[in-house]
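Enquirer: Quick mapping for you: the protein sequence lines, in order, are chains A and B. In this text, residue positions in the first sequence follow this note's numbering: the first is 1, and each later residue adds one. In this text, residue positions in the second sequence follow this note's numbering: the first is 460, and each later residue adds one.
No wet-lab data here; the hints were simulated from the structure. Since this is a predicted model, take the numbers as computed values, not measurements. Each residue gets a CB set at the ideal place from its N, CA and C atoms; glycine is no exception. One or more of the hints may lead you astray.
[As the list claims (entries may be wrong)] So, partial list: chain B residues that the calculated Cβ filter (under 10 Å) puts toward chain A:
hint, residue
1, Ser-568
2, Asn-646
3, Ser-650
4, Asn-701
5, Gly-755
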Amino acid sequence: MSRPIKIKSLYCLLVLWMLSGHVHSDINLYQFSAADIQFLSQFNLSNLPPLPDAQDNQYADSLAAATIGQQLFFDKRFSANQQVSCASCHNPQQYFTDGLVVSKGMGETRRNAPSIIGSAYSPWQFWDGRKDSLWSQALGPMESDVEHGLSRLEVVQVFIQHYLPLYRELITKTKGAANTLPRKYFQQLKLLLKLKIPASPNGVTQAQINWQTINHAEQNLINRVFADVGKLLMAYQRQIQPLSSRFDLFVRQLENNSSDIEQLKQILTENEVAGLRLFMGKGNCASCHNGPLFTNFEFHNIGAPESDIKQVDMGRYEGVAALLKDEFTCLSSWSDADKNYCQEMLYLKKQGPELVGAFKTPSLRNVAETAPYMQSGQFASLDEVLEHYNKPTPPYYDREQHPSRPHFDILPLGLTPEELQQIKSFLLTLTGDLKLANQWWQAPKHMLEQTDNVQQAMY
Amino acid sequence: MKGKQTRKGLINYFNGCWFITVNLLLSNVLYSAEVSIEKPPQIISTVDIASQLIYDGRNLELSSIKLISRSNQLRKDVNKLRVSARSAKDEYTKQQLSDAANLLASQISQWQQQGADNRQQSSRYLGYGHKLLTQAMFQRWQSRIKLQREISLIPSKHQLLAHNTQIRSVHPSMPKVMQTVKEPVANMSLSVPAMNNQTIPSPLDTSSFQLSRDLHYFAHVEPVANELTVLSIGNEPAVPLNTIHQWYLFISDLKGQPVADKKIQVRGHMPGHVHGLPTQPRITAEVEPGVYLVEGVKFQMIGWWVMEFDIPHNKELDTVKFNIVL
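Please construct the entire structure, taking both the sequences and the accompanying hints into account.
Expert: Structure follows, in structure tokens:
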């Protein structure tokens, strides 16, 4: 009599265990409602909108300009030691980063090289948003003594020496471009080759002294060509499209047939899906890392440790100050846009405690391949990043240096070590498939051959 | 009869304060006698009535505050009397004090009632005045005003995120409830905290027509109707998310006359987050007397926003405030 009862109760327990235990949750893990799928679609790469309008750069959407820009991007002649190109810190093989804590050009920079994938979508460039366009951004490193280490005149001279025919052809083909040029533009450019280098309105003292000896018309000419170098580099960078990842495949499968659990299981593992749910849910990562590029391009202070407390990084606060002094904004005479187009600059937010120590939300596409992390590479691994988000330390505050107490934008998450690992597994699914990379993801052919020749000669 | 007794009792007890209180009570009677909401006198114009209603409404509001604080004071005094009664040595005093306490206690509710009545009356006056001024404003700028309701967001097929709902960009004094919202989202197995709005006080006055704080101005705001704010013909202009767009700010005085040539400052923030707008909007033009163009308006997330306009009045600043729920 007692035995069947025992069996029955054991059976009941078993059923209960199956219902409440992980067998049940595993099935649920892959079950997404129509509203879930609609929500996840917002993150799918296929929902990436067209590139934003760029009226400030007349070459922005020219393929010819992009092709020249690509050559410039990989050209090491644009550096004081002939060893540094844009690609040195933005290496396509490393998803346009360099894998270093802080970038090294001629010297060591203060910041970690951000990937440039998707940057064409951001209204602001650099970690602190101190530039308002990709063309203006590209000019910064050229003139920086720790990056390319050239003066403005030297950049222009290298460009005239090696790119003049391509440049001339581009201008004649670009509608309206020639009309805006001074008379005898190309002859005048050649005269710039005779000017004394280094020369730049900023940089080392000698460069500034030499710049003062150049007449106003020639200074304008140098600035115009310099801005055009940036515009060509921007045209190239606009062609670099993010690569589809396993996450995108998963969402596409959900959109096409969400009931085929087996197919879903083949794309993402249980851990990865659990991580996806945490990323969107309890982890609240999606509140800032959202959209197809996993970023809102806004500025936040998440309290990442200062890399040097003697010289705190003021982030957006300094970025705004730099923008106000910048020679090459959308509002400048080097921009091709009507001033009214430059709405972000016209109505720039210049003050507010939320600017202090805030940095731009980075895209999480390819994040597993772009360590180390944060504005100055403070975190070596994703584990360290997640640990910080789980138990964040408030931002460092120094009365002497900070204009006000920095804002602190995150709350502790209270996730278990297992949950943190699941989020990490999910982040690994955001890596784009390099097999899908097109010609824009490598140096132009003739440059590749040159590199091969050099390498062969070395061996 | 009862009212008389009440007042008498109070006068006996609060020798020093009776003058004010009687005055307050009397003024209430006068207000209700003078202003008849249903049948405004025909000789004066609607806007005159409107401004009178608003001033009276404000006075009633102030008197209601005084009445209620008086009733609170009364309660404290009752408590004190009761304590004294308990500690009194002889029975006679005890009885006297206790009677006094009971008498006063019976009056508290009447003070409260009067305060509540005044408040209700005040909100009726203000509401009616507001309505009349809205009508006057709409009549004056009929061709320009495209939106009479509250400002809303352009409908989107995407579910929108409130980017840092759970984030602590909030003041320490912010109620806990505004910092943590754990409500599941309908029809979703993903519990996305960033899709929940902050807790928005209810009821929240989201009208796009508002009186200024010091009652010098009456104002209306709406997005300028163009391809960014009106998606299909016939629709009212709405706010496009994450896009810089323009607003019109209409300002009149309480007589319905346009308020021109003012140097106006624009401010905006999210009460739940203590963060401001992502841009710094400005008044860039006065397109006609009393109609100002606000440029550079941008909202980067859904939720409760407050937009404030500081308008000079003599040597001071008056402020008109709009609540917007996107």
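Enquirer: Looking back at the numbered hints, which does the structure fail to meet, lowest number first?
Expert: Failing hint: just 1.
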